[in-house]
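Input sequences plus hints: build the corresponding full structure.
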Amino acid sequence: MTKVKICGLKEEQHVQAAKRADAIGFVFAPSKRQVTIEQAAQLAKHIPADTDKIGVFVNASLEEIEDTIAGVPLTMVQLHGDEPDELVEAIRVPVIQAFSIRTKEDVDQLKKSRADYVLVDAPGTDYRGGSGNVFDWTLLDGADIDSSRLIVAGGLNPENVHAAIGQTAPYMVDVSSGVETEGRKDSSKIQEFIKQVKDDSMEQTIEKTGFFGKYGGQFVPETLMKAVKELEDAYNEVKEDPEFQKEYHHYLSEYVGREQPLTFAKRMTEALGGPKIYLKREDLNHTGAHKVNNAIGQALLAMRMGKRKIVAETGAGQHGVATATICALFDLECVIFMGEEDIKRQQLNVFRMKLLGARVESVTKGSATLKDAVNEALRYWVANVEDTHYLIGSALGPHPFPTMVRDFQSVIGEETKRQILDKEGRLPDAILACVGGGSNAIGMFYPFIQDKDVQLIGVEAAGEGVDTEKHAATLTKGTEGVLHGALMKLLQDDAGQVQEAHSISAGLDYPGIGPEHAHLADIGRVEYRAITDEEALAAVISMSRLEGIIPALESAHAIAEAEKQAKAMTADQIMVICVSGRGDKDMATYAEKLEGLS
Amino acid sequence: MNRLEQLKSSGNKAFVAYIMAGDGGLGRLKEQVQYLQKAGVTAIEIGIPFSDPVADGPTIEAAGNRALKQGVTLQKVLEELQSWTFQVEIPLLVMTYLNPVLRFGVERFATECGKAGVSGVIIPDLPFEHKQLVQPYVDKEGIKLIQLVTLTTTDVRLNDILGEAEGFVYAVTVKGITGSRDEMSEEVKAFMRKVREKSPVPVYAGFGISKSSHVDLLRDDVDGFIVGSAIVEAFNDNRIEEIEPLIHAVTAAHSV
Numbered sequence: 001m002t003k004v005k006i007c008g009l010k011e012e013q014h015v016q017a018a019k020r021a022d023a024i025g026f027v028f029a030p031s032k033r034q035v036t037i038e039q040a041a042q043l044a045k046h047i048p049a050d051t052d053k054i055g056v057f058v059n060a061s062l063e064e065i066e067d068t069i070a071g072v073p074l075t076m077v078q079l080h081g082d083e084p085d086e087l088v089e090a091i092r093v094p095v096i097q098a099f100s101i102r103t104k105e106d107v108d109q110l111k112k113s114r115a116d117y118v119l120v121d122a123p124g125t126d127y128r129g130g131s132g133n134v135f136d137w138t139l140l141d142g143a144d145i146d147s148s149r150l151i152v153a154g155g156l157n158p159e160n161v162h163a164a165i166g167q168t169a170p171y172m173v174d175v176s177s178g179v180e181t182e183g184r185k186d187s188s189k190i191q192e193f194i195k196q197v198k199d200d201s202m203e204q205t206i207e208k209t210g211f212f213g214k215y216g217g218q219f220v221p222e223t224l225m226k227a228v229k230e231l232e233d234a235y236n237e238v239k240e241d242p243e244f245q246k247e248y249h250h251y252l253s254e255y256v257g258r259e260q261p262l263t264f265a266k267r268m269t270e271a272l273g274g275p276k277i278y279l280k281r282e283d284l285n286h287t288g289a290h291k292v293n294n295a296i297g298q299a300l301l302a303m304r305m306g307k308r309k310i311v312a313e314t315g316a317g318q319h320g321v322a323t324a325t326i327c328a329l330f331d332l333e334c335v336i337f338m339g340e341e342d343i344k345r346q347q348l349n350v351f352r353m354k355l356l357g358a359r360v361e362s363v364t365k366g367s368a369t370l371k372d373a374v375n376e377a378l379r380y381w382v383a384n385v386e387d388t389h390y391l392i393g394s395a396l397g398p399h400p401f402p403t404m405v406r407d408f409q410s411v412i413g414e415e416t417k418r419q420i421l422d423k424e425g426r427l428p429d430a431i432l433a434c435v436g437g438g439s440n441a442i443g444m445f446y447p448f449i450q451d452k453d454v455q456l457i458g459v460e461a462a463g464e465g466v467d468t469e470k471h472a473a474t475l476t477k478g479t480e481g482v483l484h485g486a487l488m489k490l491l492q493d494d495a496g497q498v499q500e501a502h503s504i505s506a507g508l509d510y511p512g513i514g515p516e517h518a519h520l521a522d523i524g525r526v527e528y529r530a531i532t533d534e535e536a537l538a539a540v541i542s543m544s545r546l547e548g549i550i551p552a553l554e555s556a557h558a559i560a561e562a563e564k565q566a567k568a569m570t571a572d573q574i575m576v577i578c579v580s581g582r583g584d585k586d587m588a589t590y591a592e593k594l595e596g597l598s
Numbered sequence: 001m002n003r004l005e006q007l008k009s010s011g012n013k014a015f016v017a018y019i020m021a022g023d024g025g026l027g028r029l030k031e032q033v034q035y036l037q038k039a040g041v042t043a044i045e046i047g048i049p050f051s052d053p054v055a056d057g058p059t060i061e062a063a064g065n066r067a068l069k070q071g072v073t074l075q076k077v078l079e080e081l082q083s084w085t086f087q088v089e090i091p092l093l094v095m096t097y098l099n100p101v102l103r104f105g106v107e108r109f110a111t112e113c114g115k116a117g118v119s120g121v122i123i124p125d126l127p128f129e130h131k132q133l134v135q136p137y138v139d140k141e142g143i144k145l146i147q148l149v150t151l152t153t154t155d156v157r158l159n160d161i162l163g164e165a166e167g168f169v170y171a172v173t174v175k176g177i178t179g180s181r182d183e184m185s186e187e188v189k190a191f192m193r194k195v196r197e198k199s200p201v202p203v204y205a206g207f208g209i210s211k212s213s214h215v216d217l218l219r220d221d222v223d224g225f226i227v228g229s230a231i232v233e234a235f236n237d238n239r240i241e242e243i244e245p246l247i248h249a250v251t252a253a254h255s256v
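Which chain is which? The protein sequence lines are A and B, in order. Heads up, the first sequence is in UniProt numbering, so the first residue is 1 and it goes up one at a time. Heads up, the second sequence is in UniProt numbering, so the first residue is 1 and it goes up one at a time.
Worth flagging that the hints you see were computed from the coordinates, not collected in a lab. No residue lacks a Cβ here, since even glycine has one placed at the ideal position from N, Cα and C. A few of these clues could be false.
Pairwise CB distance ranges (calculated) [what the hints assert, rightly or not]:
{"#": "1", "chain 1": "B", "residue 1": "THR154", "chain 2": "A", "residue 2": "PRO242", "range": "25 to 33 Å"}
{"#": "2", "chain 1": "B", "residue 1": "THR154", "chain 2": "A", "residue 2": "ARG525", "range": "34 to 42 Å"}
{"#": "3", "chain 1": "A", "residue 1": "ASP331", "chain 2": "B", "residue 2": "VAL156", "range": "33 to 41 Å"}
{"#": "4", "chain 1": "A", "residue 1": "THR479", "chain 2": "B", "residue 2": "GLU197", "range": "42 to 50 Å"}
{"#": "5", "chain 1": "B", "residue 1": "ASP155", "chain 2": "A", "residue 2": "HIS249", "range": "35 to 43 Å"}
{"#": "6", "chain 1": "B", "residue 1": "GLN135", "chain 2": "A", "residue 2": "PHE351", "range": "48 to 56 Å"}
{"#": "7", "chain 1": "A", "residue 1": "ASP453", "chain 2": "B", "residue 2": "LYS194", "range": "53 to 61 Å"}
{"#": "8", "chain 1": "B", "residue 1": "ASN236", "chain 2": "A", "residue 2": "ASP331", "range": "39 to 47 Å"}
{"#": "9", "chain 1": "A", "residue 1": "ASP331", "chain 2": "B", "residue 2": "ARG219", "range": "42 to 50 Å"}
{"#": "10", "chain 1": "A", "residue 1": "GLU240", "chain 2": "B", "residue 2": "PRO58", "range": "41 to 49 Å"}
The structure is reproduced here in structure tokens:
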């Protein structure tokens, strides 16, 4: 990321305002911004240790420069005069040599500099050392300057710094008069300038190339790049389009039945004796789970793009059913890929999809579960990319899918936030959601990410135990890798072969995790824990009997962890559990595994 | 000098053969390479098996699964190449998905490829946008990172990709995944001409080349052909000699 230098500071309040800068410049040459060694030393005490302190000189002697380095102390020196190469080389700290750029010849001069960094500026007027005039950045085009030693100055301000970075991609930007008001530094302009460089570029990195920290990206074959880019453009367009948003929300309320209640779980709260527990009722959605929120959004987008064929993968069958449902509603052709193992486990959902008019393709390759269904759906998309949209069901895949799925599922967290503020007048202390690929969890968590006091807990499937070979605890046990178009966390062997995941719940049976979750785990914003098959089944019973809600196996993982978490919380605290789906689809499994239940 | 450069200056149509390393056991790789070299192919792509090969069709995926069952890994393949003492006179390329490379370590991958005498690498799920993940490391070893272009590549991207192309350009002849296709459209011919016009390096057509008629159709529009599924199948069925006419159809001198 481009670094920021704020130059010509004379007052402590401005040094404080610049505390997020990477470097502070003190001017020791004649200028209205000139300071003495003593003044600079005083100001330097307020500068963080890892921030560079740079002294600006014009034709000073080596002795003078060395004394100042020792006196402040300085970590770098910036030269604005006609200093000879011998002087540049004699200085014991890194040196920046400044050049006033008028013509291409000046650019050639600069390239010969012996300094560690070169600073380009517009020609000065009254004093040497920069005038605040804007220099013509295009002079650098094709000049072949090593951008890792380039510092750009000259008339930068909060409004144009973005364009300057875009055009020159420098190591650092340097500002002085651009953050002043009537000849004096201005704290709010200093902060705004830093924000423009740092925050904006971070936001743009994520939005433009689809990375969350180091995770994400578009790791797909060239055959798919056009489709992925088109989707990215189309999604960026509808995101800001009020008409699209209106249509999306229309179907959410009139067809899906939103908004869903945030139910106070009175008996569960009493039974656990800890915090007040609320349940976000995604189980009440039409089709029985949160998946439909995303299916509607993407189907509307596909139609905007002129695509009337949909391909999708499904694990538990919930996403397949949601997709088949929406395709029936909008009269779209629908192909669903589903692993043979999952077809066995979820026969009712298979029949529902067929009843809705979808073609269900059985995938027998690999582990014959969700991962392999994604492979086949991707292959189908590659071969039919011109008229087909891949309606991916989780916050996975190449950019823009993880962002798009998150946005379409964020309705979960947005409603929850509104509802809890209504009911309790404050935000909850903890929120739990289950994580396979991670779509209900990211939709629930995303609106709370900035609310640092809300503890966010994602719950993975531990299968038969995270220390056995049969689990799907990607964040607990996985390592970095690329699968299905994104860099994320994966269950893989030493040779980079993706391993089979295991969970009693088909919806969590995936060896990867959405890239945003991988990032949130790395930065510690969300904590990820794992629940075994057995614990999840026990939670199915307790939730059914305490609240009259038979949860899906996936959701039962979040409930089981909530039961543990509640023990560490107190009666004046609030907990929210995302009940991502209802248990109808799992009845055969429940009947088998809980046989003899009395 | 990198063997790919020699290939470029030779002038004839190139025949690049793809084989799945370890299909039938890693011990077969050496004889397969020796056989193809003797049969007159111009270069050999050595495929590394991967658990989730989304860019491959059923033939190559099945070959990969057979190799995985034999316990074949990227490391074992590179060790096998490094152990060879016979003269490899034609360029060898490694074709692998990105994940095994990341797991192995990108820098180590480049170094070991260098030691194995590999001339180029092809990573189908590493698009142009992300190639810096690998490029600096292979550059150090003088190994080319081969880029792919497809019928769906937009003109803007095509210019970007060709602008930095090295070794050769892998031009995908069908929109789908690897495997045989019966029809080669005029659209493909026009696409090849466009790519060849703009490309600073030779253009080889791949993904779907299985018979002499494909070769005849595209002969004037490309610098060479990449044949994968047909060879993998022939090796698996122990009838590799049936591929020889195709090799000769490509490499034989043709009067225009």
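Against the structure, the hints:
For THR154(B) and PRO242(A), the hinted distance range of 25 to 33 Å is satisfied, since their beta carbons lie about 29 Å from each other. Distance hint check: the CB atoms of THR154(B) and ARG525(A) are about 37 Å apart, consistent with the given range 34 to 42 Å. For the hinted restraint 33 to 41 Å between ASP331(A) and VAL156(B), the CB-CB distance of approximately 34 Å keeps it satisfied. Separation of THR479(A) from GLU197(B) is about 44 Å and conforms to the stated range, judged on CB atoms against 42 to 50 Å.
The supplied range of 35 to 43 Å is met by ASP155(B) and HIS249(A), whose beta-carbon atoms lie about 38 Å from each other. Checked against the hint of 48 to 56 Å, the pair GLN135(B) and PHE351(A) passes, with Cβ atoms roughly 50 Å apart. Against the hinted window of 53 to 61 Å, the Cβ-Cβ separation of ASP453(A) and LYS194(B) comes to about 58 Å, which satisfies the hint. The hinted range of 39 to 47 Å is satisfied by ASN236(B) and ASP331(A), whose Cβ atoms lie roughly 44 Å apart.
Range check, ASP331(A) to ARG219(B): about 46 Å between beta-carbon atoms, so the 42 to 50 Å window is met. A hinted range of 41 to 49 Å holds for the C-beta pair GLU240(A) and PRO58(B), which are about 42 Å apart.
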